[in-house]
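Student: Now for the letters of each chain:
Protein chains: 2
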Amino acid sequence: MTETHLRELEDFLSESQILKDEKSLEFYGQDWVRLYKINPSLIVFPQNAEDVLQLVKWARKHKIALVPSGGRTGLSGAAIASQQEVVVSFEKMNQLIEWNPAEETLTVEAGCITKEVQKWALERGFFFPVSFAAEGSSQIGGNVATNAGGVHVIQYGSTRNWVRGLEVVTGKGEVLQLGRHLIKDSTGYNFLHLFIGSEGTLGFITKVTLAVTSQPTSLSVFLLGVSKLSDLIEIYSRFKKSIPLHAFEMMTDLALDYVQKTGKTLPLSTKSPYYVLMEIEEAYQEKALLIFEKLMEEGKITDGTLSQSAEQAQEIWALRENISESIAGHKPYKNDIAVRISKLPEFLSQVDSLLKKEYPEYKVVWFGHIGDGNLHINILKPENVKEDEFIKDCERVNQLLFSKIQEFGGTISAEHGVGLLKKPYLHYTKSEEEINYMREIKKIFDPDGIMNPGKIFNAEKSV
Amino acid sequence: MTETHLRELEDFLSESQILKDEKSLEFYGQDWVRLYKINPSLIVFPQNAEDVLQLVKWARKHKIALVPSGGRTGLSGAAIASQQEVVVSFEKMNQLIEWNPAEETLTVEAGCITKEVQKWALERGFFFPVSFAAEGSSQIGGNVATNAGGVHVIQYGSTRNWVRGLEVVTGKGEVLQLGRHLIKDSTGYNFLHLFIGSEGTLGFITKVTLAVTSQPTSLSVFLLGVSKLSDLIEIYSRFKKSIPLHAFEMMTDLALDYVQKTGKTLPLSTKSPYYVLMEIEEAYQEKALLIFEKLMEEGKITDGTLSQSAEQAQEIWALRENISESIAGHKPYKNDIAVRISKLPEFLSQVDSLLKKEYPEYKVVWFGHIGDGNLHINILKPENVKEDEFIKDCERVNQLLFSKIQEFGGTISAEHGVGLLKKPYLHYTKSEEEINYMREIKKIFDPDGIMNPGKIFNAEKSV
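Keeping their order, the protein sequence lines are chains A and B. Each residue of the first sequence is one higher than the one before, counting from 22 in the numbering used here. Each residue of the second sequence is one higher than the one before, counting from 22 in the numbering used here.
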């Protein structure tokens with residue numbers, strides 16, 4: 022970054038829109054992945070799409086790499102700046118632009134906090150169903166850029182399902198209006214879906230139009246104890262067959278052990294190796310209880326409780342939502358994998374054996390969205406193992422785990438994205454041909470390679 | 022097509038997989054658009070993806086253009102072969118490959134008839150919701166290639182929503198497995214959605230995995246008489262607010278006049294300028310009747326009937342479904358446009374004036390999916406007007422109509438696609454930048470320009 026570059030930047034950004042002190046560089050230069058050296062050159066804060074457009078034009082001119090930064094809650098390192106990039110933070114673009122009651126859509130700036138969007142929907146008598154542990158600080162732009170999933174995908178789908186329009190600034194320096202609030206449009210290639218999940222590598226999202234839906238009627242939450250991993254899918258299928266499930270979350274006993282250490286209590290009288298949090302509409306409660314009793318008789322469910330109030334439901338949810346936070350101190354190495362549902366029973370059993378064999382001395386915390394075929398596997402760093410040694414070992418096991426995923430036709434990232442962390446493993450999920458098509462597409466939208474370069478894949482095929 | 026080319030083709034296709042007689046060329050060389058000279062060189066019938074792959078490799082080698090051909094029910098000319106192209110018919114690829122009960126998906130070959138897929142779902146206790154008048158002959162591959170809409174979009178979304186996986190052969194001659202049955206996959210750019218709606222210009226679809234859903238409970242069908250165009254949206258909103266609508270179809274009196282000429286009877290005692298077919302779950306019938314009575318009192322609805330049996334429901338549906346057929350003899354010039362819902366009232370009124378002013382002597386048959394913001398406008402050719410004169414006049418009005426659409430931020434094709442028919446008007450809906458990005462993307466997947474060339478846009482920007 023030369024003085025000239027900086028001066029040109031100051032031509033269109035005010036002083037308060039540029040930060041370069043050490044603390045800010047460190048703070049804004051990373052997401053939740055703590056494995057990389059943080060080294061941005063500047064942090065800038067656009068206030069509107071025009072600022073973003075000017076930034077891209079400036080960056081193109083000087084071949085300066087830009088890294089988009091939302092709530093920095095990403096788990097794949099997609100928002101890490103380690104190569105003197107300029108970090109573009111969207112936190113000043115946090116306004117609700119329009120509520121359209123006829124279309125039941127909210128149009129918001131990219132930097133709006135997810136929880137805030139949920140609140141805006143509720144205040145208008147509606148429901149925005151994308152929900153996950155980090156929603157209190159994650160931003161909508163980031164949710165769209167990674168196609169965020171969460172706990173309600175089983176009922177409502179991922180972020181992708183709720184996007185009706187996007188305003189993006191491409192790496193070429195053009196503003197595109199994608200989707201344009203239309204329910205139907207059959208005029209050529211769908212760029213809306215191409216940008217969703219592209220992790221800021223094609224362009225930056227400046228505005229998002231989100232559909233909302235009617236509020237679910239009162240929900241009931243079950244917490245179930247399960248003794249065998251192999252029974253999980255059967256339990257899921259039995260409930261799923263007759264009841265619309267709003268959530269079906271698996272947690273291991275070890276996961277809940279860590280959560281209990283933070284002061285939460287397990288509302289069950291016995292301990293089980295596995296637990297399931299199941300959320301359903303209250304109207305289906307009786308039906309669910311009948312299935313529950315049958316599964317208890319068969320020994321597939323060993324214990325269970327049902328929320329009797331909204332508070333109790335929240336207490337059960339807190340067990341699930343606090344897992345990540347409760348293990349954060351143990352520097353977990355995270356994997357976020359998925360296979361198709363029908364292959365999940367066999368996959369679970371093989372992964373269980375693999376992890377027991379390869380990590381005999383590490384604690385492994387599992388939890389996951391069973392109904393989506395999606396598992397989160399967190400390897401905790403033992404205190405006496407050095408960080409680099411630990412990571413090396415996790416990366417060794419990655420190869421084995423990802424080979425297994427490849428064999429099962431699954432994915433190395435179900436909802437966290439690829440970013441930097443999973444980049445070396447992309448070929449386990451995507452074919453060489455697909456990765457090459459991605460490279461070529463990036464060149465079209467970002468001819469100078471300035472938009473979040475080095476994320477998802479490298480610009481050039483390695484030889 | 023030289024003898025050598027043909028001989029090479031016969032190396033991997035049997036005699037019965039190649040047709041070149043005049044009748045077949047005419048039959049397979051077109052879709053439902055009757056405005057182009059039909060002139061294919063050959064019709065070929067691959068039996069599997071390997072045949073398609075060999076065809077693409079052969080076409081690349083000799084720079085021969087290929088046109089994909091499904092049920093040939095398209096309304097935009099995307100399956101027209103008028104330039105000596107080789108037509109690739111998928112009708113021999115019509116097998117159900119897999120029913121996966123755990124995932125509730127059907128995997129089928131691209132040439133399966135839409136209605137057959139609906140039947141396969143029903144036989145397994147499920148429901149495939151994509152439904153439209155041409156479903157008895159349209160093929161799934163074509164539905165995906167145009168992201169077909171239909172009468173249930175309001176409740177279930179377009180074809181796009183139901184695709185869990187695609188096998189495609191790109192114009193580069195590579196087989197890609199997209200989506201791969203995964204509910205969640207966050208590893209790079211989404212090519213599944215890029216291929217959906219790409220009208221065979223990037224590659225040909227050989228296999229489709231479709232999600233199905235639970236069968237709707239008993240449905241009731243209302244037929245409502247409406248006196249003013251401006252009341253339509255209000256009526257829609259009032260019902261929509263309290264009742265999940267499975268269909269909400271508008272038809273003009275003229276549309277139903279033509280249908281009645283085919284022998285169908287209108288089950289209402291009075292005539293109205295506009296009619297609405299509304300489909301809801303029986304459970305909501307009482308609620309709907311209350312809203313209906315209120316709207317009658319307000320004079321917004323002038324007449325109405327409710328189906329008392331499945332047969333009666335079918336009879337009402339037949340009124341809607343037979344519109345296109347009943348006017349087919351009048352060589353209708355079709356437009357399939359949409360705007361965002363909130364702009365529909367103002368748009369309807371302006372389009373109504375425009376059509377009355379510009380087509381004083383032509384009969385204009387309107388119908389549409391009000392809940393999707395989508396209108397079908399059919400201009401009928403008067404017997405005494407010559408065809409080319411008629412088309413010229415329709416194209417003159419297109420400019421005015423599409424300018425209006427552009428002003429309202431709408432689309433020139435909601436569900437039919439662009440093909441050849443709407444190609445000259447694409448710029449009314451998509452920006453020059455977007456069209457250029459489309460051109461560049463086509464070059465990546467189809468470097469030799471052999472996959473349905475000249476459809477959607479021309480390969481080179483015209484000067």
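Just so you know, the hints here were simulated from the structure itself, not pulled from any lab data. Hints are not guaranteed to be accurate.
Because identical chains share one entry, a pair is satisfied inside a single copy or across any pair of copies.
Said to hold, decoys possible - Distance condition first, Cα-Cα at most 30 Å in a straight line; then the derived DSBU-like pairs of lysine-lysine:
no., residue 1, residue 2
1, 384, 205
2, 321, 82
3, 364, 82
4, 444, 205
5, 425, 413
Student: Each of the hints needs a verdict: does it hold here or not?
Tutor: Hint by hint, here is what the structure shows:
| no. | hint | in the structure |
| --- | --- | --- |
| 1 | 384 x 205 | between (49 Å within a copy, 26 Å between copies) |
| 2 | 321 x 82 | neither (63 Å within a copy, 60 Å between copies) |
| 3 | 364 x 82 | neither (50 Å within a copy, 40 Å between copies) |
| 4 | 444 x 205 | between (35 Å within a copy, 18 Å between copies) |
| 5 | 425 x 413 | within (19 Å within a copy, 61 Å between copies) |
In the structure shown, a violation is registered for the earlier hints numbered 2, 3, in ascending order.
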